[in-house]
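Dock chains B, C, D, E and F against chain A, hints included.
Listed below are the residues making up each chain.
There are 6 protein chains.
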Amino acid sequence: MPSRAASEYRYEKLTWPEINDAVEQGKVCVVPCGSVEQHGPHLPLDVDIVCPQGIAFGVGRALANKILVLPPVWYGYTGHVMDFPGTINTHFETFMRQVLDITKSLAYHGFKKIVLLNGHGSNMPNLDLVARRTNLETDAECVLAAWWNFLMVDKTFMPKWRQSKFPGGCAHACELETSLYLYLDGDNVRKDQIKNGDISFNNDDSPFSWVDLYGAGPATVISWTSSYSETGVLGEPELATAEKGKQVYDEAVKQLVRFVSWWKDRPKDRRRDRHRKPPTMPIPWGQEPV
Amino acid sequence: MPSRAASEYRYEKLTWPEINDAVEQGKVCVVPCGSVEQHGPHLPLDVDIVCPQGIAFGVGRALANKILVLPPVWYGYTGHVMDFPGTINTHFETFMRQVLDITKSLAYHGFKKIVLLNGHGSNMPNLDLVARRTNLETDAECVLAAWWNFLMVDKTFMPKWRQSKFPGGCAHACELETSLYLYLDGDNVRKDQIKNGDISFNNDDSPFSWVDLYGAGPATVISWTSSYSETGVLGEPELATAEKGKQVYDEAVKQLVRFVSWWKDRPKDRRRDRHRKPPTMPIPWGQEPV
Amino acid sequence: MPSRAASEYRYEKLTWPEINDAVEQGKVCVVPCGSVEQHGPHLPLDVDIVCPQGIAFGVGRALANKILVLPPVWYGYTGHVMDFPGTINTHFETFMRQVLDITKSLAYHGFKKIVLLNGHGSNMPNLDLVARRTNLETDAECVLAAWWNFLMVDKTFMPKWRQSKFPGGCAHACELETSLYLYLDGDNVRKDQIKNGDISFNNDDSPFSWVDLYGAGPATVISWTSSYSETGVLGEPELATAEKGKQVYDEAVKQLVRFVSWWKDRPKDRRRDRHRKPPTMPIPWGQEPV
Amino acid sequence: MPSRAASEYRYEKLTWPEINDAVEQGKVCVVPCGSVEQHGPHLPLDVDIVCPQGIAFGVGRALANKILVLPPVWYGYTGHVMDFPGTINTHFETFMRQVLDITKSLAYHGFKKIVLLNGHGSNMPNLDLVARRTNLETDAECVLAAWWNFLMVDKTFMPKWRQSKFPGGCAHACELETSLYLYLDGDNVRKDQIKNGDISFNNDDSPFSWVDLYGAGPATVISWTSSYSETGVLGEPELATAEKGKQVYDEAVKQLVRFVSWWKDRPKDRRRDRHRKPPTMPIPWGQEPV
Amino acid sequence: MPSRAASEYRYEKLTWPEINDAVEQGKVCVVPCGSVEQHGPHLPLDVDIVCPQGIAFGVGRALANKILVLPPVWYGYTGHVMDFPGTINTHFETFMRQVLDITKSLAYHGFKKIVLLNGHGSNMPNLDLVARRTNLETDAECVLAAWWNFLMVDKTFMPKWRQSKFPGGCAHACELETSLYLYLDGDNVRKDQIKNGDISFNNDDSPFSWVDLYGAGPATVISWTSSYSETGVLGEPELATAEKGKQVYDEAVKQLVRFVSWWKDRPKDRRRDRHRKPPTMPIPWGQEPV
Amino acid sequence: MPSRAASEYRYEKLTWPEINDAVEQGKVCVVPCGSVEQHGPHLPLDVDIVCPQGIAFGVGRALANKILVLPPVWYGYTGHVMDFPGTINTHFETFMRQVLDITKSLAYHGFKKIVLLNGHGSNMPNLDLVARRTNLETDAECVLAAWWNFLMVDKTFMPKWRQSKFPGGCAHACELETSLYLYLDGDNVRKDQIKNGDISFNNDDSPFSWVDLYGAGPATVISWTSSYSETGVLGEPELATAEKGKQVYDEAVKQLVRFVSWWKDRPKDRRRDRHRKPPTMPIPWGQEPV
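Residue numbers (my numbering), protein chains in the order written: chain A, 1 to 290; chain B, 1 to 290; chain C, 1 to 290; chain D, 1 to 290; chain E, 1 to 290; chain F, 1 to 290.
Pulled out of the complex, with its shape left as it was, chain A reads as follows (with noise of 0.2 Å):
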């Protein structure tokens, strides 16, 4: 039986001899990180990973030759949300360490080029700071990326799909995010309770202090989602429909097929220690030597 390591991009369906056919090979590793908590009364708790994962999924069919899509991270930062039933909070510390270790062993096995596809919000400082160390600690090179951020890289995209208020109307289980699931599995979508919801302190229209998926105020309080919505529906799923997420999917699907294109084989960027002498001693906290 030949080696599937250039035609499976489920990493965790290769067996260990295959592992070293595809760090030979170069390839992509995307690591879908999300979140368990609550998306409404509409959603189930598992947008986060649904989202970035069937992207990534589309990713690997389209180009399965270059990436492999790791197992999601499925547990997040999310303790604002503990008001809500069902949502699972990992302490931050934790969950950076967890998603580094992830990206250490990857590094260490040979595999140089790391994306984590992120799907939650509250992610998003934690794992920058985990790309970061990942980038300053091994010799592979990790990036972030949103994958709503995708969206934004053909200028013409969003104006054209977006209905919705902006800001608050593509913010949590909102316009955007129902429209996905819609499409990736909508037999698990309660229709009938799909109802917009607002985000109460956004109503203050104050430029200091607002937040939507793209874009926040310049002074934004982040605290109790239970203090600012009623359901936790923030944005305006009623806009939302099957036809409107497969053009999301379609369109975050070819952009990381082509950011993951350009990537892969463009060769890492070199230090210079600006010091006269050199250091005499190991750099702290387990960063890379010069």
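Certain hints may be false.
Identical copies look the same in the list; a pair holds intra-copy or inter-copy alike.
Said to hold, decoys possible - In silico DSSO-like pairs for lysine-lysine, Cα to Cα no more than 27 Å straight-line:
id : residue 1 : residue 2
1  : K155      : K165
2  : K244      : K13
3  : K195      : K66
4  : K195      : K277
5  : K66       : K264
6  : K13       : K191
7  : K246      : K195
8  : K246      : K165
9  : K264      : K277
10 : K155      : K244
11 : K277      : K112
12 : K112      : K155
13 : K268      : K195
14 : K160      : K191
15 : K66       : K112
16 : K277      : K254
17 : K277      : K13
18 : K191      : K66
19 : K155      : K191
The set of hints was computed from the structure by calculation and includes no laboratory data.
Since this is a predicted model, take the numbers as computed values, not measurements.
Okay, now just chains B, C, D, E and F, sitting in the frame of chain A:
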């Protein structure tokens, strides 16, 4: 649309209002725990998740109104296997904290019976400690169970089933794991690569130092897998069949169904404070007051 | 001697009885956060403190009866800059815990509105998490704000002000930072050393990977500064002037004054517990009970 | 005065030059680990140290030129026993790090064979992890052994010796521990207080949930001792005698002597790196390079 | 058999019901803390335990109804001595947490007066912090005391007793420690190896940098022992005698008896909250509410 | 413009190329460490920074070509003072790690002599441990010095200068601190509020338990300030004058100048490995290899 709380056993497919229903129903939460790690040239990296999750789903189908199966804890403690490509390790402190955050979240929402259903040997001490801390730091009850130990409840099962030598025939990527994987996901077994493998120190025939899934010598060094295994196979997968996998699956599901049914409504045992004068300060380490 | 609580804006210059007065006055606490790190051959190592502290003091002078400016958090997260001499890094876990201890101390004493006014880009994810934890673990409200984002409130300001290219002209030791520093402490600018500097990966013209103080590509690797900068200058300081620095200062102070004035007396939003049965154990991770 | 390295088995009674001798002699280090915790009304708090240390000293007398017994690790992991006065708990992370620092110090000085000889059940998962980390993070070999497991090497010993019921007769302050303590320090046994005690959940006769020093059900909840024991006695100390304690002592010493003699000069197994291309970065988590 | 609580001073020799008695008697707990580390060619590795434990036992014999001596904390903080074989270091964070867990356990059970009786110089800052945290995080009182400092209470003792030079004659394995060890366990002193040893930097005669058990310069670098000592002896053990050891022992016991007798029933000082409005949230860091 | 490395003593006012110059010049780094905490009704919260920084700047002016003064570590360890408003505490583990990151950064860049100049009593044990770890984990030398201890170098200074009682007159917000603050920043002293304050337990006249900046009893409990002080003043500030502050300042600067001048070029002492066979693994805890 009626609540799916009683009919859906996949935790992540419920909505937050349905979690309130599930709590009211006293559902038992089952958390499959495993590892992404080498399992020889014939099995994929996901054996330790596929097995316990497969069994948990079997229990879910049989007992949908009594249990919820959580998304799996994919990434386990497996630093000693890092010489084999593909293995992804989580530092054990991080791993324990990660799982503890899950059990604490569940307990906070009102789930008071939690099973850690483990599929990875080296997770056992870690999860034992997590289950203990859950019991000491929350008001829920948490139990650790390795899926293979349910095969020991009926004393007649294993003697009939097992054909490989003891000790050593059932350890890793072995007669047992290969059989179950053949049954659960046979297409992903590289059947032409199945080949028995030795645990080299078992060959010392020391009464002190030997290992098997079903026992270990009283003074067995647990060190780098690559130092006692050539291929990553520890045991006799050549004796495995899908049919034997089905027997294992059926037996494990049957016993776990029995256990959950018994445990679900068993009242929690009550503590008795043995201090003559009640403590005048909170108990340290975040443990629950008596 | 009367209490200086209403007239003094420097926190550290009050006495403890005056702090009781300041709490009663509901003063907003502003904590300047920055970093000691290289800013090219023309700027000293303290740019990231001088800028936010300078602005905070401006607000202090304008609004002495409403705010207190704390001593700055000098040492930030900047491990990726260690190839440049003089940079002092704090491990990010330590940095976050350090700032969290400050906000918790303030909250304990009765200050319920806290602004983290940041001057160092790589502190953003860290401080975002600190502000969140403050909101979850105390009864105070804490907000993170980068000083340069206040220049975006008036949509007409930056288009008028900025002369450098986007992206890349305003990033680090750039048109913006150099202008403000020229205004605040011009004598310490080595004016004969001012020279523009490239972010080398910006030159790839990839729609995925680019960076500026006012935006970033959706998949931008954040790695060693010395790998994409020759001199530590990222941007176009040759376009900087003290006069432009004054404009920036005035605008930032004006907007921050507006923000503090609005936020100071805004009542905190109220949580709603969505559990049908109230939790029977404390919420984990030291978070506040609902 | 000649070196005492070969004749003294108490590590702490050597001088530093004699430690160099002991390293040269390849002595095996034995670290007795236990706990200060309740053992019913008839036994003192130090049972879990007195037993393994007593046995270790027996081995020391028999094999003074081959082993060194370290000062005991008195304070173990026993948070679940805190409802009983006198019990002293160490948080498990602290406990593991404490013992790991001992094994690492020994390994650094040149001792390459280390036995953690444990006398406290709830230390087992902790010490298992410590032994593993020692094996992964140093070049020494470390093995965990509970003293009671050496009684299982000779299959004929326990069936002859044990009179109490299985499961439950030998668990804690039981037939076994009381016998050995009577032999080692009989004066400190409150003989008039000896009284059998139940593990209340054992009385459920569940095939899933039961416990004994020599086995446990596949799904046994490990929770507060005071919730399943009235007096802190788990087992049948009324069957204990000093004579039976002597038999246990002799057998344990004999087997440990055999083990140490065999293991002392056994060469360490050699790792084989399975990466096709050697790793280009250090292995993470402080593990040893291959 | 009557309770031994009043007559036994060894904590670990009580049973749990007797601990209840001891708590009722308000017994003071003494925890000997030390280190396993080199003490030159003439003293064994256990000096830092033998000395404080010997003194504590002396107090126990004199005052059995008022104190309990805990099992010693054998393993201290001594990383700077690792160039000498046999030294066993505990990372200082681990060491502090270990001792804190002991004091917290004691406080929880009802012991409200705790003495950390230290025998190892480099434990002083660590234990100082542990004693402080115990005072802040429990309702007990904890005090750190080095045994040698009790010799300073009677101002006439040391001038009469000491023959070695100041500074430097009494530092480590010196006139003082050797005398006391000769008295407590003379057989284990290698008398033919006793030889004075220099602290080389003391020979600089700098007023800033020098060290002795009874003082230190205001700016003394504390670094690797092996960099300022040839043999590990810091001081003048040639001046030591068993008789002088007895004098030291008697004096230390006498003063400690006085201290314990005075402190045992001294009421704890009461806190006064200086906040005009009482805090509205718990005090952070696990500290006790006012 | 020539390099300012030799003429500027404020570290943060240099550019990165100038830091290379300063390293070449072998400049000594001085890090003022303190705390933001209550100092009675007459002194502001910043006494513990103003004092050591003021002295350090004095040394800087005198010796600009030999030292660099770092930005201060404002936030210290002061949990026991939290009953007084305004005090800001840093958990001691965080505090130690924070300062250690500073010293490690400096050492990495090539500064091999570092002084922690402390102004806050409760930082002493913490900083002692930080200085030690710097010495063990880098190739630099680090020394802790409290500014008030430099007044003890000239044995004739304090007897002449001090008018307040011993012990107790100089402890906190006392004769000494008030004098120096009057000299350094007299306008911020509330002169009408100056009033002596007792350390209530000093009044016990116990030879075991008393405290002063210049000594402490051998068994002094260090607990909540508010439990032994009414106003936060510990000592006799009524004896303070600006003139006495100038004397203190001059003396401290003079002695620190002497110390830095002596220490700057003193070669580091060399370690000697006492292992007969060189260690075969790295020294643990991140310590430097011998």
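Taking the hints in turn, this is what the structure says about them:
1. K155 - K165: both (18 Å within a copy, 19 Å between copies)
2. K244 - K13: Result: close only across copies, 22 Å inter versus 32 Å intra.
3. K195 - K66: Close neither inside one copy (40 Å) nor across copies (30 Å); limit 27 Å.
4. K195 - K277: between (64 Å within a copy, 24 Å between copies)
5. K66 - K264: within (8 Å within a copy, 47 Å between copies)
6. K13 - K191: Classified as between: cross-chain Cα gap 14 Å, same-chain 34 Å, threshold 27 Å.
7. K246 - K195: Answer is within: at 21 Å inside a copy they meet the 27 Å cutoff, but 45 Å across does not.
8. K246 - K165: within (21 Å within a copy, 36 Å between copies)
9. K264 - K277: Classified as between: cross-chain Cα gap 19 Å, same-chain 35 Å, threshold 27 Å.
10. K155 - K244: This pair counts as within: shortest intra-copy Cα distance 17 Å, inter-copy 31 Å.
11. K277 - K112: between (30 Å within a copy, 13 Å between copies)
12. K112 - K155: Classified as neither: same-chain Cα gap 30 Å, cross-chain 41 Å, threshold 27 Å.
13. K268 - K195: The answer is between: 26 Å across copies meets 27 Å, while 47 Å in one copy does not.
14. K160 - K191: within (24 Å within a copy, 48 Å between copies)
15. K66 - K112: within (13 Å within a copy, 45 Å between copies)
16. K277 - K254: Neither. Shortest intra-copy (48 Å) and inter-copy (33 Å) distances fail the 27 Å Cα cut-off.
17. K277 - K13: between (49 Å within a copy, 21 Å between copies)
18. K191 - K66: between (37 Å within a copy, 26 Å between copies)
19. K155 - K191: neither (31 Å within a copy, 39 Å between copies)
In this structure, the earlier hints numbered 3, 12, 16 and 19 are contradicted, and the remaining ones agree with it.
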